[in-house]
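Dock chain F against the given chain Z, drawing on the hints supplied.
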Amino acid sequence: MNVRATLRSVGVIAAAGLLFRRSPPPEEGVGETARMLLDLPVGVLMLLDEDQRIQYANARIERFLGYAPAEVEGRELVELFEPGDRSRIMTLLQEHLPGDKTVSGEFRGRRKDGTMVPMQVVAQSAVVSGMRGSKVSGVYLRDFAERERLVEALASRAAQLARSNRELEQFSYIASHDLQEPLRMVGSYTQLLEQRYGPQLDDDAREFLRYAREGATRMRELIDALLSYSRIDTRAEPFQRVAADDVLNVAVSNLRGALVQSGAVLHRTPLPIVEVDRIQLGQVFQNLIGNAVKFHGPKPPQIWIGAERRGAEWLFTVRDDGIGIPPEYQERIFIIFQRLHTREEYPGTGIGLAVCKKVVERHGGKLWVESSGVPGEGTTFLFTLPVERIPVPVAPPEEAGVKQSKVEAMSLIEERLKQLV
Amino acid sequence: MPPLEPSPRPVQILIVEDNPADARLVREVMRDSKVLNEIHWVPDGVEALDFLYRRGKHAGAPRPNLIFLDLNMPRKDGRAVLAEVKADEILRRIPVVVMTSSQAEEDVARAYDAHANCYIRKPIDFQQFHQVVKTLENFWFATVELPVR
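If you read the protein sequences in the order shown, they are chains Z and F.
The opening position of the first sequence corresponds to residue 1 in the numbering used here, with each subsequent residue numbered one higher.
The opening position of the second sequence corresponds to residue 1 in the numbering used here, with each subsequent residue numbered one higher.
These are calculated hints, taken from the structure and not from any lab test.
Be aware that a few hints might be false.
Stated by the list, open to error - The calculated DSBU-like cross-link candidates involving lysine-lysine, where the alpha carbons are at most 35 Å apart (straight line), are:
no., chain 1, residue 1, chain 2, residue 2
1, F, Lys122, Z, Lys294
2, F, Lys86, F, Lys57
3, Z, Lys358, F, Lys122
Unchecked claim - Here are some of the chain F residues that sit facing chain Z, going by a computed Cβ distance under 7 Å:
no., residue
4, Ala21
5, Leu25
6, Ile124
7, Phe126
All residues carry an ideal CB built from backbone N, CA and C; glycine is no exception.
If we strip away everything but chain F, and leave its shape as in the complex, we get:
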């Protein structure tokens, strides 16, 4: 892996996660990232869509470069968010990382059916969690080419 040059503009990451402690963990891991990043957190699917469509209090929201999406959430769950994002001609380009504690095999299948970009089971161990977030960061921000807009 070549050393990463700090990007001039921070990458925008949206975390859709009802558990603030979980969202914070991602933030903590990303804190010492080589990639300049800004983390945005919304606690459920309704707010996630408000953020993506820049509605209400999220009117000034940036367009995320990556979405971390939990599946089980109150109000509107991650499955519904995924379906709406992937049905939208513009939003569908944003990679969606489904990150959940669900062990159900059908959740994995359904997520890919709905065009999730990857599905990750939240590791129970912090070291593993750290490792997973780092891997994702390297993959999405240093390995692959993302659409400019």
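Just chain Z, same shape as in the assembly:
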């Protein structure tokens, strides 16, 4: 990725760092920022004076080369390299650095204990005002081996997670599909029994049969729910740019019956264009609005739907004036099959919000609820979707997986670097 552009600012940061180490910094803020940046665990940052002597090194150097920062300060930079590479590093610094370009190269560094460590050197010089116009250089050392190790570790962790995710998906899919079979038998034969022998049975026997049949129906609903939950990942469509308003229209039209029946009033504000799996976003709208319709107070529900930009995200809200959710239950509602009411009060399996949460998270967003729990004050569900879609690592196939996650891990690290520096 764009490491070079990232490191271009190293000189500037390093210079700022120097400022805060010397006489009182011109602005307290700059000193603090510089200190923070210099202590970032991304690599060794050093400042050199015009004679290529080390003025400052951050704490990372200890882990990387075995020296404490104080031990190298005042020494020449070349001492940190294998003798065979010393003239090459001098050339780099003396001949090429004086421009305002960033220079970089690969060298063999030498640890305090004399062992060799391959590393990348990136340097840039900067004129520091207030230092009598003297020129300093910022040098950044990057440990190839360590970076490789990090990348490997990340990659294997990612592959492991992907594998366990896949297994879990498979498990719930197979479990719910294979569970249908025996259940079909229980349901069918209780119905057949009821149909054919119902008239010969007494009231007790018919009641028992009814419970058995209801149990089978209930279990089927749960299995269907589980299946649809597992399908969020297994049957996902590719993301595409769509007007969220169109998606909402479909959801509203699917809910027409319930909306009309409850006398619900929708208040909509225009929604943005988003990059999503449109079926799944539709499910989110449908479940959230469906809940707003279902859990309403004595009056017909009022429902407000809108979105606003919050930095790199869209914040969607679905607000109602219904019975609310007491704060102590607000965590639980997102767990699959968790319900706050009896089925007699409000029917349902308790899958809706779990599906919403999983869908939003799959899209790189967050979903949460705000409610005082006071009936009539209603509930607001909020969820975010990224404005720009950064490619999300998809579960990689077995073999190619490790390599793929490695690439992703690297771009992730570099993305992170860019944000930090």
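For chain F alone, kept in the frame of chain Z given last:
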């Protein structure tokens, strides 16, 4: 639908289904059918072909007028049975109703590619199951014309 006259000769239905409870359900629904019928049940593909070719213990088997075929079965599955039946110049005339719990779209496509006469997902609900079997019965034994031999 005109009322059905009881046929003089019973229609022969072969159910190829590894789950006896499922086979029995079809039998139960067909029990109060207006169409005089005989149900034969085999639990897997190997026996299904023995039945169709009148081999071994099925030497005296009648030629079915309709086959209910499950896809997932031990030994020889329904896909293989379908392929063999539809490759046989005589057997290929027998309508094959693929009746399975498979939800896979590729199973549907593959069944029609292999010249299944129709593909039915086993309804989970008994009332629906009853309805489906009745519909099939009406379609195959009262609506369409089947080959005499």
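Evaluation of the provided hints:
1. For the suggested pair Lys122(F) and Lys294(Z), the alpha carbons sit about 32 Å apart, so the restraint of at most 35 Å is met.
2. Using a Cα cut-off of 35 Å, the hinted pair Lys86(F) and Lys57(F) holds, with the two alpha carbons roughly 23 Å apart.
3. The straight-line distance between the Cα atoms of Lys358(Z) and Lys122(F) is roughly 30 Å, inside the 35 Å bound, and the hint therefore holds.
4. Restraint check, Ala21(F) versus chain Z: the minimum CB separation of about 5 Å is within 7 Å; hint holds.
5. A cut of 7 Å between beta carbons decides the hint on Leu25(F): the least distance to chain Z is about 6 Å, and the hint holds.
6. Because the closest C-beta pair between Ile124(F) and chain Z is about 5 Å apart, less than 7 Å, the hint holds.
7. Evaluation of the Phe126(F) hint against chain Z yields a held restraint, the C-beta minimum of about 4 Å falling below 7 Å.
Hint check: no violations occur; every hint is consistent with the structure.
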